[in-house]
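Given chain A's structure and the hints, the job is docking chains B and C onto it.
Protein chains in written order, with this note's numbering: chain A, 1 to 418; chain B, 1 to 418; chain C, 1 to 418.
No lab work stands behind these hints: they were computed from the structure.
The structure displayed is predicted, hence computed values, not measured ones.
Every residue gets a Cβ at the ideal spot worked out from N, C-alpha and C, and that includes glycine.
There could be a bad hint or two in this list.
Mimicking DSSO-like on lysine-lysine, the simulated pairs with C-alpha atoms at most 27 Å apart in a straight line are [unchecked claim]:
1) B:288 <-> C:21
2) C:403 <-> B:288
3) B:20 <-> B:403
4) A:288 <-> B:21
5) A:344 <-> A:161
6) B:403 <-> A:288
7) B:122 <-> B:190
8) B:221 <-> B:341
9) B:288 <-> C:161
10) B:221 <-> B:338
11) A:161 <-> A:392
12) A:288 <-> B:161
13) A:392 <-> A:338
14) B:344 <-> B:403
15) C:288 <-> A:20
16) C:288 <-> A:21
17) A:403 <-> A:344
18) B:161 <-> B:344
19) C:288 <-> A:161
20) B:221 <-> B:344
21) C:20 <-> B:288
22) A:221 <-> A:338
23) C:338 <-> C:403
24) A:288 <-> A:341
25) B:338 <-> B:392
26) C:122 <-> C:392
27) B:20 <-> A:288
28) B:341 <-> B:403
29) C:221 <-> C:403
30) A:403 <-> C:288
31) B:403 <-> B:221
32) C:21 <-> C:392
33) C:20 <-> C:161
34) A:392 <-> A:21
35) A:392 <-> A:122
36) C:21 <-> C:403
Footprint (simulated), chain C over chain B, 3 or more residues, beta carbon under 8 Å [to be verified]:
37) 64-78
38) 237-251
39) 260-271
40) 289-297
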Amino acid sequence: MTEHSLKKQSKKVQPTSVNKKLLLSFLLIFIVAALVLVPSFNHNVASGISAINAESLTTPAATSQFSTIYDTLKYERSIHILAMLLVGFGFLMVFVRNHGYSSITATFLVVSIAIPMYMVIKSFGGEEFSMSTINIDTLLFAEFAAASLLIAIGAPLGRLKMDQYVAMGLLFVPAYIFNEWLILESGLFKGFLDTGGSIVIHAFGAYFGLGVIANTLSRFKNDPVCENTPSTNQFCLLGSMILWLFWPSFTSAIVAPDRVVLTAINTIFALCGATFATYVFSKIIRGKLEIEDIANAALAGGVAIGSTCDMTTPGYALLIGIAAGALSVIGYSIIAPKLEKLIKGTDTCGINNLHGMPGILGGIVAIFITGRPFVQLSGILVTVCVAFILGKVTGTVINLLGKKEIPYSDEDEFFLAE
Amino acid sequence: MTEHSLKKQSKKVQPTSVNKKLLLSFLLIFIVAALVLVPSFNHNVASGISAINAESLTTPAATSQFSTIYDTLKYERSIHILAMLLVGFGFLMVFVRNHGYSSITATFLVVSIAIPMYMVIKSFGGEEFSMSTINIDTLLFAEFAAASLLIAIGAPLGRLKMDQYVAMGLLFVPAYIFNEWLILESGLFKGFLDTGGSIVIHAFGAYFGLGVIANTLSRFKNDPVCENTPSTNQFCLLGSMILWLFWPSFTSAIVAPDRVVLTAINTIFALCGATFATYVFSKIIRGKLEIEDIANAALAGGVAIGSTCDMTTPGYALLIGIAAGALSVIGYSIIAPKLEKLIKGTDTCGINNLHGMPGILGGIVAIFITGRPFVQLSGILVTVCVAFILGKVTGTVINLLGKKEIPYSDEDEFFLAE
Amino acid sequence: MTEHSLKKQSKKVQPTSVNKKLLLSFLLIFIVAALVLVPSFNHNVASGISAINAESLTTPAATSQFSTIYDTLKYERSIHILAMLLVGFGFLMVFVRNHGYSSITATFLVVSIAIPMYMVIKSFGGEEFSMSTINIDTLLFAEFAAASLLIAIGAPLGRLKMDQYVAMGLLFVPAYIFNEWLILESGLFKGFLDTGGSIVIHAFGAYFGLGVIANTLSRFKNDPVCENTPSTNQFCLLGSMILWLFWPSFTSAIVAPDRVVLTAINTIFALCGATFATYVFSKIIRGKLEIEDIANAALAGGVAIGSTCDMTTPGYALLIGIAAGALSVIGYSIIAPKLEKLIKGTDTCGINNLHGMPGILGGIVAIFITGRPFVQLSGILVTVCVAFILGKVTGTVINLLGKKEIPYSDEDEFFLAE
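So here's chain A without its partners, still in its complex pose (with noise of 0.2 Å):
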């Protein structure tokens, strides 16, 4: 940046009214946050550091050896989902029109918040929360909780302050760790499945924030709407592309070592259905392709394979994601209109039908391999439910922050050339 283009830019500030106190208590948050994980203070920071130590200091034994290539392996799937969640996220969100640099530091943001703060709390003591923080597994199901976030950010996109992210983000990690804890650790619902995350994660931040966007619809009544040009499209359709080439990585994370190839190619499978199937219903419903159900729903089969990603063979896979695909374009063409009146909100970028039903139907679709329909359903329902009326909380709380000056636009955050 050179000096001349600096003085330019300076002319242009406007005194916008920037909350001093607000970004200093974030930043305070982050700070004991970073405090809390010091291992004097944190006995499960320090146990997973000394295992580390001890590993290296001990054995050259076979078995450490594989525990230690298994968690790089795990590794590399961890950088994979890094991926889907910035650029994959972040670019798919840059479809509005005059909006990239807020989509962007949004998702900046919001990784940069979930990451932490999902390990933090889960470092502290308490009989569920007694394992060791600083492993592989944590650092995945962190940014399980990233991608779940995203989600949510994703319906009322465009229409909050920069700083409502951020708050959301804050208030969204325990709300999130609470629906995981209560359908996966808590005992309520054994035998549920979902391995690659259909409901706790997809379902979940997708309700959470249609939760975050009901009855907001009247604040923003008489204010520009949302647009999209063929560039803003493209980068759209990059994040789009990303996002599918790593899902694999995504519902394979967690699985066992010798289930990742089937997970991989059930996903792969999965995409290539829901991928054709968008293709063939994007014509015939609207009678010519929208390129918003390209760079969605042929995501929707990665969504809908989450649940039984480890348990099924990739001929049902192709089936689920065929199916995927066709309701996650029924959702954009028909459905998405009839929803945005019932729950008098906007979804900027349709979450209800990539993440919300897509997932549910992927939940359901796990009974055929459990056999047990009334757990899967409840955990479904309740996943669902826990999502809204969270979200709808953090919905009220974020609108105590005020609204957003210039909605779809980053003209009221950024400085922009010209």
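For chains B and C alone, coordinates are given in the frame of chain A:
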């Protein structure tokens, strides 16, 4: 997507003729393919699944652990190749102005066709295909088929209706499998060296594509021509970089585990040589740099190193790369216009320059390692002929589906904003 | 590329002076480099190859298997680093308007120079260089050199002819190897801690780049200035995200196998801290968000955690990241204009703010772990001085090749459409 924008778009739907019957029969093919892969119908799928189950039930033995680990390491490379297929090839083809949606959708579709269809065909009984289908090697070979198909569609790019890409994909896969069998499995070309697919993947795809476009020039005589812009070219360079950087995982995908590093270093050296030679020769031949050369010819090193990638050393690899880069620039700047007259067709992406000639160069260089010029040369010749002839047949068939209304444009297939 | 467009372009060729002799001597350097790496000439290459062959011939012993696996795991990280080098650095530098082709081509070229040249020089005999060249560690160190070079070219970016980037690359590599040897291998700075290269990679590259531009301001006094647009900045943010997400593979590239996960978690926490601090301080200092801060300063956590990445814990990493992000924003907003006056040169990418100061911060923090302030501080000081002086010499040499005709523009080097 807001309600408002949905309304706006629905006005723009022109009553184009959507061939619903064709679309539904495509869908039927997918559903049948899914059923073929159901374990109870298909011995090879069942044995693949049961092998996985057996492994996890019985042994924590080291040998089984090692095979799981090597499979997972291959899995990582399979994801890298997916990145090449979608983001790499997809965005490399975005350079055509006003055709970005079509290029990317076509990429999504042919990948979603090639991978499952390859695995379905390979899962049928018969001597040659007796291997179990559900394993990482089948997935990698399926991805190779998808790569070859993506090369092939580069030739007619911009002049096919979306349905024609689908039909081309469905016809390509069996043709590719036939040639793969003929050259590598039939025993007729024993000792043929082509580890990274200079011939079987790159040259096959290139000459299949040229076959498809041969004699089609007259069909598009007075139509608008292919254009590009700095913005579309920047996306194209992104695709190019993604191809470049993941190329080592393409060539080392199926080499012996202790050859992966050598193969990767050789591949990187070949790419470095080609990139540098592209710079030098583009400037010397043309007087100024042509961005198309940088985006494409820089990759020719990866194409040419394919045949010998695990058997040569970095010094030779650098030389092969330099030669391939030079050859590819000469192809784009000098040979391409002549070839277009010869085959009376337009090669939109210049696949002969990037995949055709450098592929053949790679196949010929392998003679220095195998010492079997006859086998190597006849394998090359047969591949080129089989590809061109089957491509020409495919071209004739897909021409039956009609002619794209507006060449090099998204307009006739997609809703466009504004 | 159609015949038509080829014709159109050939008209636009202006008789610019292509320095053919220079180009051919560059090519000659590449060819000589290739010959140097031919095994029969070069003991270190031959021993590397024969080690690979020996392994595969003899043992399926577990120890050999483990070393193959660990090498392949490192290989995966080497690909991640390639993604950072090409897409990451390449697109981060696309923010300059009308200069995208040059930024990306320069990236391609300097990567293609640095990697083989580093390995060629390292393959020469002599005590220090006796390790065999053909292994994954050499490749990783070569990639580090390429990263450092990419940092360096960020300073003069937009004001060098393409030939000058090439010359700068050829001069940089031996300078980098000299400093690497001096600090890490000569034994003069025993106990110097810099695992992830805060000093040896980031600070070296930054101060080398500042050396190159020192006192060049007058040469470009009345020239057009560097500009950016939302579209170019969006590509820049893509580069930023790619750097962010693959950073853990950069810092953990060469750590002990059982330290990879801890290193990765520390790195991610540092990046999260820096991203969040960037948001807070950019808004407080400037009154509004500056996208340049988000794209760059968010990465400062990765720079600063380098030195201590495998020895600290996540809590401290988060604090280091927060400090680095804050420092980097202060650099971009307050220090940069003053520094430009001091060295009388324009630092296009602000590398002092992203790699210089945060790198030094990282090196200083390591004192708390090593407890050797003298070694650590003198290593930092020597690196900064060596880098700046050799950078200044390099700047003087490449100035002999003339002056870019139109700064911050692709026009004088590339054919542009329309």
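The hints, checked one at a time:
1. B:288 <-> C:21: Measuring from Cα to Cα gives roughly 15 Å; hence the hint holds.
2. C:403 <-> B:288: The given pair, whose Cα atoms are some 16 Å apart, holds under the 27 Å limit.
3. B:20 <-> B:403: Measuring from Cα to Cα gives roughly 17 Å; hence the hint holds.
4. A:288 <-> B:21: Roughly 15 Å separates the two Cα atoms, so the pair holds.
5. A:344 <-> A:161: 20 Å, holds
6. B:403 <-> A:288: Between residue 403 of chain B and residue 288 of chain A the Cα gap is close to 16 Å, so the pair holds against 27 Å.
7. B:122 <-> B:190: Roughly 21 Å between the alpha carbons, so the hint for residue 122 of chain B and residue 190 of chain B holds.
8. B:221 <-> B:341: The hint holds at about 13 Å.
9. B:288 <-> C:161: Holds. Residue 288 of chain B to residue 161 of chain C sits at ~12 Å (cutoff 27 Å).
10. B:221 <-> B:338: 17 Å, holds
11. A:161 <-> A:392: 18 Å, holds
12. A:288 <-> B:161: 12 Å, holds
13. A:392 <-> A:338: The given pair, whose Cα atoms are some 19 Å apart, holds under the 27 Å limit.
14. B:344 <-> B:403: The given pair, whose Cα atoms are some 17 Å apart, holds under the 27 Å limit.
15. C:288 <-> A:20: 12 Å, holds
16. C:288 <-> A:21: 15 Å, holds
17. A:403 <-> A:344: 17 Å, holds
18. B:161 <-> B:344: Within the cut-off at roughly 20 Å; holds.
19. C:288 <-> A:161: Roughly 12 Å between the alpha carbons, so the hint for residue 288 of chain C and residue 161 of chain A holds.
20. B:221 <-> B:344: Given that 27 Å is the threshold and the Cα spacing comes to 11 Å, the pair holds.
21. C:20 <-> B:288: Answer holds: residue 20 of chain C to residue 288 of chain B is near 12 Å, not above 27 Å.
22. A:221 <-> A:338: Distance ~17 Å between residue 221 of chain A and residue 338 of chain A Cα, so the pair holds.
23. C:338 <-> C:403: 25 Å, holds
24. A:288 <-> A:341: Given that 27 Å is the threshold and the Cα spacing comes to 25 Å, the pair holds.
25. B:338 <-> B:392: 19 Å, holds
26. C:122 <-> C:392: OK: residue 122 of chain C and residue 392 of chain C at ~24 Å, within 27 Å.
27. B:20 <-> A:288: Judged against 27 Å, a Cα distance of about 11 Å means the pair holds.
28. B:341 <-> B:403: Roughly 21 Å separates the two Cα atoms, so the pair holds.
29. C:221 <-> C:403: OK: residue 221 of chain C and residue 403 of chain C at ~12 Å, within 27 Å.
30. A:403 <-> C:288: 16 Å, holds
31. B:403 <-> B:221: Given pair residue 403 of chain B, residue 221 of chain B holds - Cα atoms ~12 Å apart, limit 27 Å.
32. C:21 <-> C:392: Measuring from Cα to Cα gives roughly 25 Å; hence the hint holds.
33. C:20 <-> C:161: 14 Å, holds
34. A:392 <-> A:21: Satisfied, since the Cα-Cα distance of roughly 25 Å is no more than 27 Å.
35. A:392 <-> A:122: With a Cα-Cα distance of about 24 Å, the restraint between residue 392 of chain A and residue 122 of chain A holds, given a limit of 27 Å.
36. C:21 <-> C:403: Roughly 18 Å separates the two Cα atoms, so the pair holds.
37. 64-78: This one holds; 5 residues, not fewer than the three required, reach chain C with a Cβ under 8 Å.
38. 237-251: holds (count 9)
39. 260-271: It holds: at least three residues are needed, and the region 260-271 of chain B offers 8 whose Cβ sits within less than 8 Å of chain C.
40. 289-297: Check passed, 5 qualifying residues.
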